[in-house]
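Dock chain X against the given chain P, drawing on the hints supplied.
2 protein chains.
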Amino acid sequence: MTLAQALFAPRAVALVGASGDAAKNSARPMRFLRKHGYAGRIVPINASRNEVLGERAFRSLAEAPGPIDQAFIMTPGDSVERAIEECGASGVPVATIFSDGFADAGPEGAARQALLVARARELGVRVLGPNSMGLVDVPGCVALTVNAVLEMDALPAGTTSFVSQSGTMLGTVLSRGGARGLGFAKLVSVGNESDIGTGELVDLLAEDPGTKVILLFLETIRDAAKLASAARKAHAAGKPVVAYKLGRSQLGAALARSHTGALAGEDAALAAYFRDCGIVRVDMLETLIEIAPLLSGRMPPNLPRAARVAVLTTTGGGAASVVDRLGTFGIETVARDSESPIVDLTMTATAERYTAALDDLFASPRCDGVLAVVGSSAQFHPQLAVEPIVRSKRNAKPLAVFLTPHAERSLALLAEGGIAAFRTPESCADALAAFFSWRTPRARPAGAAEWPRDLPRRGRLDEAQALELFAVLGVPVVEHAIARPPDFKYAVPYPVAAKALSSDILHKTEAGAVCLGIADRAGFDREVPAMLKRVAAAREVLVQKMESGLAEVIVGYRDDPVVGPIVLVGAGGTLAEIYRDYALRLAPVSEEEAAAMIAEVKGLATLRGYRGLPRGDLGALAKAVAAISRLALVHGSPVAEAEINPLIVKREGVIAVDGLVVLKE
Amino acid sequence: MTLAQALFAPRAVALVGASGDAAKNSARPMRFLRKHGYAGRIVPINASRNEVLGERAFRSLAEAPGPIDQAFIMTPGDSVERAIEECGASGVPVATIFSDGFADAGPEGAARQALLVARARELGVRVLGPNSMGLVDVPGCVALTVNAVLEMDALPAGTTSFVSQSGTMLGTVLSRGGARGLGFAKLVSVGNESDIGTGELVDLLAEDPGTKVILLFLETIRDAAKLASAARKAHAAGKPVVAYKLGRSQLGAALARSHTGALAGEDAALAAYFRDCGIVRVDMLETLIEIAPLLSGRMPPNLPRAARVAVLTTTGGGAASVVDRLGTFGIETVARDSESPIVDLTMTATAERYTAALDDLFASPRCDGVLAVVGSSAQFHPQLAVEPIVRSKRNAKPLAVFLTPHAERSLALLAEGGIAAFRTPESCADALAAFFSWRTPRARPAGAAEWPRDLPRRGRLDEAQALELFAVLGVPVVEHAIARPPDFKYAVPYPVAAKALSSDILHKTEAGAVCLGIADRAGFDREVPAMLKRVAAAREVLVQKMESGLAEVIVGYRDDPVVGPIVLVGAGGTLAEIYRDYALRLAPVSEEEAAAMIAEVKGLATLRGYRGLPRGDLGALAKAVAAISRLALVHGSPVAEAEINPLIVKREGVIAVDGLVVLKE
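In order, the protein sequence lines correspond to chains P and X.
Residue numbers for the first sequence follow my numbering, beginning at 266 and rising by one.
Residue numbers for the second sequence follow my numbering, beginning at 266 and rising by one.
It is possible that some hints are incorrect.
Because identical chains cannot be distinguished in the list, a pair is counted as satisfied if it fits within a single copy or across any two copies.
For lysine to aspartate or glutamate, the following EDC-like pairs were computed, each having C-alpha atoms within a straight-line distance of at most 16 Å [said to hold, decoys possible]:
| no. | residue 1 | residue 2 |
| --- | --- | --- |
| 1 | K867 | E817 |
| 2 | K658 | E617 |
| 3 | K867 | D846 |
| 4 | K754 | E792 |
| 5 | K498 | E472 |
| 6 | K810 | D785 |
| 7 | K915 | E812 |
| 8 | K798 | E775 |
| 9 | K867 | E842 |
It should be emphasised that the hints constitute simulated quantities derived from the structure, not laboratory data.
Quick caveat, the model's predicted, so the values are computed rather than measured.
For reference, chain P alone in the conformation it holds in the complex (with noise of 0.2 Å):
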């Protein structure tokens, strides 16, 4: 017995908790059950009645008949704990628990969750949950959940699976993806993710040969590692994986603490996860329900400029919604010929004419995609609107198709036939821009990066020996010295700054612990013991040369609580910070993946040309965004964060002027 068969195909289940009274939400899995047609054994599991719904209750799991491969747990309180050592002692092998009061509860119940999966190991018992609403396989007929959406008559049966932290979204993508026709596999509720979580069962849904596409509905990621390794198999096995993500999670906290991390921004730390591991990741909860028949059977399309749609339609309003939307996001729309980039046939379409200029733009090289309209027709003469589309050569260009009515038999009849169709302008737009950023799991450089053997491993490096580091690294640094007491001697080429130097100053130039210009020693000796004065904590001054160049950039690392090792590259000065405007990856890059992420920057726009503005040196900047990310490669990964801020931008080479280093507890 498999974890897969003990999940999705028990051939018995104990209903631990059901309650014998029909409108209790513990009587919801034994009603969804039967309902839906399980084939296996329902054994009700109740302290107090013989008879539970009019099947035979037992009063524990040790005195039901056996074997029983899943329990679905109930009940409150300690009668958990006890539950699950039942299910050791009866060998069942993988418990969902519906229960709540564990980590969801706040750190004494984290605690309480902790010592019941450890537990439950010991036993030899798989865990799904706590706080799981359970899980549901529309094609085995496994209705095992509390979800109400369930009360629906017929499960839509199809071959995309849903793995959920929220168990609402279990019930809002079924009812919602079968009132438009749209069939699922296997839906999991995954609660807290005590044990099995998010990660193993896109590996196993990897696996499954009922499974074509994948959903996520996340909150936050639990094991970014797992999850990583499972949407890699995935994509081996041509399962493309779509996450829809909230922005929310434990980490915005941890994240905001240090400079790298209110920059990053969890998101956008999570957007390069995705797009690192090969996940589609949709802005809007729709799409997520929508976007399964645009992905099936596709692969990543890796496009290395702007996406080119053509757009066939029979009501101009309706496709212009479409096209405006796709602009925001830099699609582009394509003509046929040279006329307008959308190919209008309204009102005078023919049935004929639809098809033959869709099956052109199938056949057409000039597009990557296509995007057919259909107005008002589509509400009441389902079969005449969509069967043009239908009749049409598709092949391996992705085709969205939007109606603009209320249409729902046109949606369902589009689903039937595989099409990707969608209710609104904007959920169209957003799984079309969805595909065209999807990319292959990036293969990130292996080996091992070396630790200068002098520098500590724990605790905060100061500056001097933060450009140690990057040196070491292979980032170009500003010619320097350390001038310590009585003396304060140095040997740098004037003019110089100095810096009073000491791992406690974080933001030096709001501490007064900076003095730039210093055109001799006259000027050292009368700015520095002021500058010392005031910065109690240090006695020694780092003492540099004065650089300038084109652009400043702030490059960064992070070993993201969330997500692992990360690398950044912004705009420098304020620009970043104000505008957000920086490129994150998961670390290390290879050169070329760090110049993919330096055109992503807006603001470097300065370097690449602009208004007859002169080139700056970007493929030494990517040489040094690669080297700080190969801080990944450190063996024991030391470093929490690293931040070169500024890196200046030279018209050739650059140079690393001010680090800063923070090693872990």
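Okay, now just chain X, sitting in the frame of chain P:
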């Protein structure tokens, strides 16, 4: 007989070109009028039949028995002109023209349209269209349209009216709204707006007792002044006006031509226009359909700070999907007490508790609006799910409801209760954001601005003239002089900048027409002759004192061909352009309004005390913006566009160092 009566309550309608073949588009108006219970006379006009679908038909309008209040013209080609002549001869006050081939068909068609309208004016016939799909008055049972959606059995009556530049959208809104239990009063497809346009219709609807909210679907704005005054009238009548506007229009090209235009972009100018007219702008098409109950009977909130929304939900994931989106609009969520900002009554919620919690939020001074989210129960127990909301003690505070499952019955019940309900988290958030951005129409400063007597009123001003104009308006300008051949004398304190003086050079730096930081006369004599050799167009040199300050700002003015005079303030250098970081308003603006604009520009954070940087004189900047905006008050509006780039902001004061003024031809 008023125009409104002839349009929406015609006692008799002539259908010119009505087909006897029920399957044809031109048979639809007769079928739809009958189907939806039109009580007036229907008079088919058909050149070749005596009878149309059982109704006595006439060869021409001249033969038809009068009086006829509106003719609906569907015939092709020249017959439209003939029909208009006949309308004039028979005293038909309004002709609605479905036929196309006018302004919709290129310049030749536009010329034909101009002739048609001129003739109609002579004849005293008002024209809706051409290329109009017609109109519907739902409560009045007038379904005078070819839109196929009118096949629907019953039209949903209500108090929301709709004016659309897309004929298809008339059906889309009716069909989607109807499926949701949302009702409508009057719906008009304006087509080419050759005579009766959006503005005049909004004006009529502002007076219509059956209309409480006015929706607009816009592809362009053909008469901004008329729509602006109609929107003000609607506001005065307590009727919110809502616009969904496509980004594209013929104006893109014109706007991109000039510098300020390229910055402003048409959409930013339109956003300023909507805001200043008190028009609520929605981002998503579905929001347009769903938002009416949120606005109906309410006034613009004019919040001086971020809006605070309280959230009550039975599903954490469902609420989070809305709240996450609200955050992107800068809307805050507030807690009832000090707990989580979301009040989650998951599964344990009783109807009484839900209602009581809602009542608390309506009464609380801590929030500006309430969001209620209902999970799975909304699908199969609509009455139970919706009742706690319907029963709550609602007040002027806006209430938005989002239902997570497919729950049409619940949506309809909420609509019946006059409660704004949303089908997607995105449209729900969009509607709340639109509501909280809603402003009372702004009164623009009146008065007149003088034009310097020695300046021309046509062509282009050179930079010295531009600086003169700015000084007269009240903007401090840099100390400067014109140095003329042969000896190029000037008296400006060093260091100075020298610029080749010519009104033919738009981008001086790129043309090599600027020498900066000239330290003395020797430097001038070294650099300027070379510059004048590079720039053949110039013979004179503008010499100005070098200035520096805390930041550079761009201030621009443009007489936009669509919305009229606008004023812009943005971050200087390349920032405004690269980051599209600027604020726009219709000109003129008061200093207070200018201050509000400045607060919107992110890049000016550096002048607001960001990270301990010195503060700039934002009062002086606001004065300068208001001064430039007064170009709109110059008699005859001679200025096409004007720009100060940069205006240098100091700790005290501002100073214009570079000016461009383009006059109208």
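Legend entry - Violating hint indices (sorted, rising): none
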